[in-house]
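Trainee: Turn these sequences into a full structure, and let the hints steer you where they fit.
2 protein chains.
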Amino acid sequence: MVNIKSEEIYQLEKQYRISLINSLIGYRSLNLLGTISNDGITNLCIISSAFHLGANPPLIGMVIRPEREHNDTLTNIKETGQYTLNNVLPEWYMQAHQTSASYPSSVSEFDACGFHKHYIREFKPPFVKESNIRIGLELREVIDMEINGTTIVIGEIIHILTEDNLIAEDGTLDHAKAKTMTVAGLDTYYLPQPVGQLSYAKPGIEPHLQGDHANHQA
Amino acid sequence: MVNIKSEEIYQLEKQYRISLINSLIGYRSLNLLGTISNDGITNLCIISSAFHLGANPPLIGMVIRPEREHNDTLTNIKETGQYTLNNVLPEWYMQAHQTSASYPSSVSEFDACGFHKHYIREFKPPFVKESNIRIGLELREVIDMEINGTTIVIGEIIHILTEDNLIAEDGTLDHAKAKTMTVAGLDTYYLPQPVGQLSYAKPGIEPHLQGDHANHQA
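Those protein sequences? They're chains A and B, same order as listed.
Just so we're aligned: the first sequence equals residues 1 to 218 in UniProt numbering.
Just so we're aligned: the second sequence equals residues 1 to 218 in UniProt numbering.
I should point out that these hints are in silico values taken from the structure, not numbers from a laboratory.
Please note: incorrect hints may appear among the correct ones.
In this list, chains with the same sequence are indistinguishable; a pair is considered to hold if it fits within one copy or across any two.
[As the list claims (entries may be wrong)] Heads up, simulated EDC-like pairs for lysine to aspartate or glutamate below, C-alpha to C-alpha not over 20 angstroms straight-line:
#1 5 <-> 156
#2 117 <-> 91
#3 202 <-> 111
#4 78 <-> 39
#5 202 <-> 72
#6 202 <-> 146
#7 5 <-> 122
#8 202 <-> 163
#9 78 <-> 206
#10 124 <-> 156
Fair warning: this is a prediction, and the values are worked out from it, not measured in the lab.
Mentor: Put into structure tokens, the structure is as follows:
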């Protein structure tokens, strides 16, 4: 077993440290973040920092870093107050990864990386047509983090665009059926296999499998 | 295709809405959060809200909800200023899920759910002995979210306890080799399979596979 301590972390070679720290917490939510400027220029970038903040009101948080291409995104979100999150599928995850390249502000990653825009009424930013689980959000809060210059953006879910057969009876979206991908670290993409759906945990009752996944035990 | 709009989301049956909203963003980082009170009572709870905030300084954020068992955790973190995050493995993910049950404050979920405490020098809270990727954190910031009563906790990584053979040459932790699990929604657990590790994206250069995963293409 190794124990890498704080002072050693700071002494690691920069790219090695970035890879290590980014991969620590395991698999992460993976989405394409779609925005549009007031001038009508669309922007698309892959993010792995979305987190569930709460169900009532329905809120999602995400971290925006101060790099240039992300600033376009943040500027767009502040301008229009709206943005979309779209899941990533195996047939085109390489194009999704490509949206992280530093394109000039005048270029839309939708066009540069081969994605189609899907618009709905009374909502400005485009969804990704190729995705099958798409979320439309309205900006609720911007938290500027003094500790490292990042921005935590909180949005309320106001549209859920998906296919009927991807919603299970209990309301859960079936990401295995949807073929949603996940990422660990900076650049390694994964497709998860279901192991088990567990019943609500109560003290004194042994944890056990429930529902459709009862026969998928590891 | 369905479009579930804001007003419809609010009208959904409560448990259905919770399941739907929790599952929207896809797969999530899955960890056991270990703490200890000043009186020496340990606490362990499963969380899926950890997010990468930045690599320099090395920071992880997470969301703590205002429920009772989580309050023990938050109180402990504020008291000692330290906590641990530990990955979840297939051999014992059911016990990990069981830590979400509402045990009385006097009961340690380490004991109730069958986990062993692993202590290191000059660090108060216990790590989970059964995990193979373990992070020791020091509290840096507490953000009380007025919008829904949750708390965002920001910590700095000051210990990384893992096995030498789980760190790839570039610094990335190999979660597939470690058998780290992930969760989607409230209660469905997954084991991801690697699909591809992609090269750093640059404008005008086609995205392509790199490294050990080049033969794992989907």
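Trainee: Evaluate each hint against the coordinates.
Mentor: A quick look at each hint next to the structure:
1. Taking CA atoms no more than 20 angstroms apart as the test, residue 5 paired with residue 156 passes between copies only; the shortest distance there is 11 angstroms, against 38 angstroms inside one copy.
2. With identical chains, the CA atoms of residue 117 and residue 91 are at most 20 angstroms apart within one copy only, with a shortest distance of 17 angstroms there and 43 angstroms across copies.
3. When the C-alpha separation of residue 202 and residue 111 is checked against a cutoff of 20 angstroms, the pair qualifies only between copies, where the shortest distance is 15 angstroms, while the shortest distance within a copy is 50 angstroms.
4. For the homomeric pair residue 78 and residue 39, the shortest alpha-carbon distance inside one copy (13 angstroms) is at most 20 angstroms, but the shortest distance between copies (46 angstroms) is not.
5. Taking the shortest Cα distances, residue 202 and residue 72 sit within 20 angstroms of each other only across copies (17 angstroms), while inside one copy they are farther apart (46 angstroms).
6. In the homo-oligomer, the alpha carbons of residue 202 and residue 146 never lie at most 20 angstroms apart, since the shortest distance is 40 angstroms inside one protomer and 29 angstroms across protomers.
7. Proximity of residue 5 and residue 122 under a CA criterion of 20 angstroms is satisfied inter-copy only: 12 angstroms between copies versus 51 angstroms inside one chain copy.
8. Proximity of residue 202 and residue 163 under a CA criterion of 20 angstroms is satisfied in neither setting, with 33 angstroms inside one chain copy and 33 angstroms between copies.
9. Proximity of residue 78 to residue 206 under the C-alpha cut-off of 20 angstroms is found in neither arrangement, the shortest distances being 48 angstroms within a copy and 31 angstroms between copies.
10. In this assembly of identical chains, residue 124 and residue 156 lie within 20 angstroms of each other by CA distance solely inside one copy; the values are 15 angstroms within and 38 angstroms between copies.
When held up to the earlier numbered hints, the structure conflicts with 6, 8, 9 and fits the remainder.
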